[in-house]
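Participant: Guided by the hints, dock chains B and C onto chain A, whose structure is given.
Residue numbers (the working numbering), protein chains in the order written: chain A, 1 to 404; chain B, 405 to 614; chain C, 615 to 1279.
Calculated from the structure, these hints are not laboratory results.
No false leads were mixed into what you were given.
If you want the footprint, here are the derived chain A segments under chain C, 3+ residues with CB under 8 Å:
no., region
1, 73–85
2, 110–116
3, 231–241
Glycine included, each C-beta is placed from N, C-alpha and C at the ideal position.
Listed below are the residues making up each chain.
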Amino acid sequence: MIHRPTSRPRGSRRTRAAIGLGAALAAVVAFGAGCVPNAKQDSLKPKGHYAETIYNLVVPVFIVGGVISVLVIGVTLYFAIRYRAKGDETDDENIPEPIHGSTVLELGWTITPALILLVIGFATVVTIFKLDKQPPEQNPHIEVVGQQWWWEFRYDLGAAGTNESDRTYSDIVTANDMVIPAGEDVSLRMSSRDVIHGWWVPELQGKRDVVPGRTTMFNVAADKPGTYYGQCTVICGLSHANMRFTVIALPPAEYKAWLEAQRKPAKMPTSGLAADGAALFKTQCGECHTVRGVHEAPPPDKSPLTAGAAPDLTHLMSRPTFASGMFDLRINSKRCVAKGLDFAEDPSCINSAELRAWLHDPPAMLPMAAEESDVEKNEVRGMPDLGLSPAALDQLVAFLETLK
Amino acid sequence: MSDVAVGQEHHGEVHDPYPGLSPHTSTGVSHSKMGMWIFLASDCLLFGAFISAYLLYNGRAQQGPTPEDVINIPFTSTSTFVLLMSSLTMVLAVSSAHRGDERRLRLWLVTTAFLGASFIAGQVYEFTTMVHEGLGYTTNIFGSSFYSLTGFHGVHVTIGIMLLLIMLGMSLRGRLPKEKAEVVEVIGLYWHFVDVVWIVIFTVVYLIHK
Amino acid sequence: MAIVEAPQPLTIPEPAQPESTPMGVFQRPTKTTGWRSWVTTIDHKKIGKMYGFASIVFFIIGGVEALLIRTQLATPNGTLLSAQVYNEIFTMHGTTMIFLVVMPLGVAFMNYFIPLQIGARDVAFPRLNAFGFWTFLAGGIILNSSWLLGGAPDNGWYNYAPNSLVVFSPTHGIDFWTVGLITTGLASLVTSINIITTVINMRAPGMTWFKVPVFTWMSLVGQFMLLFAIPVLTAAQFMLLFDRRFGANYFEVSQGADPLLWEHLFWIFGHPEVYIMIMPAFGMTSDIVPVFSRKPLFGYKVMVLSGIAIGFLGWGVWAHHMFTSGMGPVSVAAFAVGSMTIAIPTGVKIFNWMATMWRGQIRFTTAMLFAIGMFTMFTLGGVSGITHAVAPADTQQHDTYYIVAHFHYVLFGGAFLIFMGGFYYWWPKIFGHKLSEKLGHWNFWLMMIGFNMTFGPQHVLGLQGMPRRVYTYLPGYGWELWNMVSTIGSYILALSVLLFIINVVYSRRKAHAAGQYTCEPDPWDARTLEWITPSPPPEFDFWEIPEVRDLDEAWHRKYAEDENGRLVRIAKMEDVMDKPTGRIPHMPSPSYWPIVAAFAVMLIGYGIIFNLGLCAVGGFLLFLSVVAWGVEPSTHTELPPPEPSTPDSGESGAVREIEEVGANV
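With the rest of the complex left out, here is chain A:
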């Protein structure tokens, strides 16, 4: 039998195979993830530079992890097969040599992982500090406030050079859909009004918890215009799973226009169903909801269950979603979506039916802790069922649809 020498040492061939398999493993996972359509919250498809930075750091780590996993499992399986007890070996004369250890091996497999981890650790620390840099003062400043079970976004349009402590974050108050300019870093001040929530929009950034009694500074950016989806990540009660939001990145010019429009107060309707609706709004909804120009709700007090802490509805009709991002206010058709945030110009693009269903019985649409008795005690979490008649609903919806 001719013995052919191998062209390269077996060990290195095995290592190359392992690296290949490890990369393949990582690729399979990524493929398995990426192959799925509509992966709206896919952290492996970053669309903003913060998320990209994280992605670029973690992918090599995944590959290293894949290689290690394949090596360990592969070699174990190899040993299992190669050194399995064969029938004639299990007698008392063929006991394997009792190898107690090897200092060289121990040092080797301690130092090698340590070196790998040193590199990963160094890259990690550098990235931590890189991501922590706050955007310049002239960039958009938005306060993110978590509350059971929705997200409030408050804009501060203070001039560049304003101290953080002087910012009031009250120039524009909106909810559910956070509008930002594409291509710009946005400074976020994060807090909570009641319990700990988690704010996460995977395509743009990692997550940050909002803790009541504390504020934390964070940041976000989107490379291109688009809609990016997020939701709450810390268990916060009944509708934790429903506490969604979107980040809508607009081209800079459109963002400017949006800011201008949002700063304007609403106009009090003077006639028709909408006027009746406005009056009804003040009595039925005014304890909690503000519509600038029509009604100011009393300010939220310090206690965790607050009155007056409900979404500001001044420009409700400029928001594609409502009720914590759970329902579409903008009809989800190509035509209406193409209208962007101006969809309410065409009433057929307003999802009146769902809005009406919500107003009719909110706790039936989303699980909340909003009993009638709690309303009187000022202990409402979520929106209560106000027992509105069909006529009242018509008036309210008519009024709300004027809030463009």
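Facilitator: Positioned in the frame of chain A, the structure of chains B and C alone reads:
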């Protein structure tokens, strides 16, 4: 070759697993004493957690009395001294037990218990005064963290007093002879621990505050 | 192999009344059979069995909760469970699996085998041991009774404040969580004191520290961690309890409190906790792999030292659970680097197990399959753990299904798989018959397939943005496929557990039908000291406390090097095992007080939740039972004079030897 003959007993002899070591444990320390040390090590962390919480919340009360308003250092120093003296009498009790002097043992046990009870009485008086001055348990975070910390310590002292009285009872029934002196020693360990914890609490809460 | 009939443990006759009236009102119980013998037992083997049985019952409860979760999440917009019920189910699933399954299952094995592995007759404090079990059971009952008494806790197993406060959680659910876990915490604490004292103080003559089996070593490290971790958790839980019950302000934000205090205190416990859970698993793997590779453990000293290293390092990484809490980059960086560091001693263990297999003679018993399954699956879990340590990556992974995947790989794939291996390995020693190997192989493969199918896809779900603890999800996010796969996997997993139960019942019936109640001492040709005893061991464990000369003492009694330096067999275990000596060591008597005291603790627990008067009753009963416990007649009461002995049996009527068996605690 393994030798099964080793360890073979002679009839009539008790097989002593640790010949030469007294008590017959691997370390020479009895199980009771070892167990008490180990328990006290864990108890350090219980107090550590409450002390940490107290320190974190120091100066953060939003309203209500602050430490400066209610703390009475002279008074508490006195009761601290009383507790420290009880550790001394405890040492005397242990020493009496080791000598087999049961009369003195009982005397020092009673004294230690009495001093401990005086400490508790002082705390009760102190807390009632504080409540009158407006610092209740639920008043603010200072009240909650202060009373919880000192309260846990007080419970430890009270349990210690009960243990001392039980030992007194045992001694009166003749159940605590010289051979059983270690029981007193082990309870003594607990008592000294409670004392040391008080020194830490006194320093952190009473002597150092914003 | 011949079945060796070990002599039946001797029933000790009723002790005579001592001369003086004992201070205790009651005599110590004497039953050795029947339910009363279980309720009053202080025998570590019986207590170990009770821990094991209780853990499996809780495992089934937790498993049903898991199946409900998976069924709900199989499709988007699931309607099987309401949001409230779902939140309770996942909270109870996690709490049950950690505190009522993985921890006590480890303790079950520790309780049964540590004394046997170190050559002791019992643990240092036998009555405290029993108290630990009954208190654990009380805690489990308190926690699970919440289902029937107004609703279970619903805020996750780590129960962040302030959502745990009354204003946000008005039902008693959270109180059951707090009180139940304070109770099990008490059990854990006394058990850790017991095991630590036992291992330090009761090793057989000659068993120096580096001759202690790795299972005992790793368990010791874990118990030291538990000793220090439990008080921190207990303190936090008292703070929460005081806030909820008495209006304290520990987590009242409007009063200036900081919810992160809860996070820090909890995770200072919580991170060591996960090492506490895995330590006995590491130890078991280190005992089992060498036996079925027919080679000593590679790198014994390194294995011991790396375990100790983990025991220390584990205290410095807790805030990697808080990377997204806004701690600031310096803290984040420090904990990231620390978390990577702890991967090094952990990885070393895996390489040493592999090297043990290398050049061995591997027998694929079910126990070995589970051991190999353990460290391969643990590798996957450990690797995903390293990706979490990369803190920026963790900001994407945290609170998603990627984390759920990670911890199930290390806890189920790591700890639970090797506990299964431990069952198969140690079953003949405990029960006198083996579990069916054929059913065992089916058990293993089904479990591996089900487990990987359930938790593998969850890595993908997490990276694709699915948060955890969500009672449902919307369609159109790309999560449907892998959720369905995961659910199907969970049913296969459930089937494999059923198969294990069937194996237990079937093997027992088969053995008993054949009259087999005992078996050979050493069916696996094993290495550590427990295998020199009969199967099952007598009540007093060893007729004669062994003299230990070597690491792997049992192995060295059977094998030695010949003149050529090759290992050859020199004896069968039957020849060198622990043999009857004609005198029966007098063990401490059973006692009522542990279960009575545990019952008192349970009353106090319910009293805190419902009625402080009940607290007072429980407190008083606790005081009485502890006093009675302390003064009840010791084991060294006067004994009747020896009866004339018959020449052959050496059993009945033998002079009873009085031995110091632990402290009379």
